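Enquirer: Sequence:
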Amino acid sequence: MSTLGGGTLAAVFTPNPHHPLTWVNFVGYLLLIGGCGIACVGVYAGAHTYRGLEPSRRRGQVVPITLFAGFFLVVGSALAAFGVWLF
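Its first residue numbered 3, the sequence shown is counted upward by one per residue in the numbering used here.
Hints listed in this document are in silico derivations from the structure and should not be mistaken for laboratory results.
Each hint should be verified, as a subset may be incorrect.
DEER-style ranges, computed between Cβ atoms [claimed, not checked]:
#1 Phe-70 x Val-29: 23 to 31 Å
#2 Trp-25 x Arg-59: 44 to 52 Å
#3 Thr-24 x Pro-57: 46 to 54 Å
#4 Val-64 x Leu-23: 25 to 33 Å
Model, not experiment: these values are computed from the prediction.
Each residue gets a CB set at the ideal place from its N, CA and C atoms; glycine is no exception.
Given only the sequences and the hints, what does the whole structure look like? Please build it.
Expert: Here it is as structure tokens:
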């Protein structure tokens with residue numbers, strides 16, 4: 003007689019049997035989380051770089067800071083979108 007009372011345990015936890023967790027989904031989750039993180043860090047860095055400048059220097063630095071933050075926002079959003087597409 004088994005200690006489980008005749009029951010068996012599943013070898014792998016799958017919350018939805020019609021959509022099993024695979025390596026592709028794991029990579030998709032990583033890309034989604036990493037892409038969102040990159041986008042947030044880029045926007046945060048751009049905003050705080052702009053706020054940290056003296057008011058007299060802000061006018062000349064708006065375009066480079068916007069391009070810097072926009073680049074990270076676009077790259078992070080693209081990675082996040084690819085991660086969602088992998089699901």
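Enquirer: Hints first: check each against the structure and report whether it holds.
Expert: Hint check results:
1. Distance hint check: the CB atoms of Phe-70 and Val-29 are about 28 Å apart, consistent with the given range 23 to 31 Å.
2. Hint check: Trp-25 to Arg-59, Cβ distance near 48 Å, so the stated range 44 to 52 Å holds.
3. Here the CB-CB span from Thr-24 to Pro-57 is close to 53 Å, well matched to the stated 46 to 54 Å.
4. One distance hint, 25 to 33 Å for the beta-carbon pair Val-64 and Leu-23, is violated here, with the actual separation near 45 Å.
In the structure shown, a violation is registered for the earlier hint numbered 4 alone.
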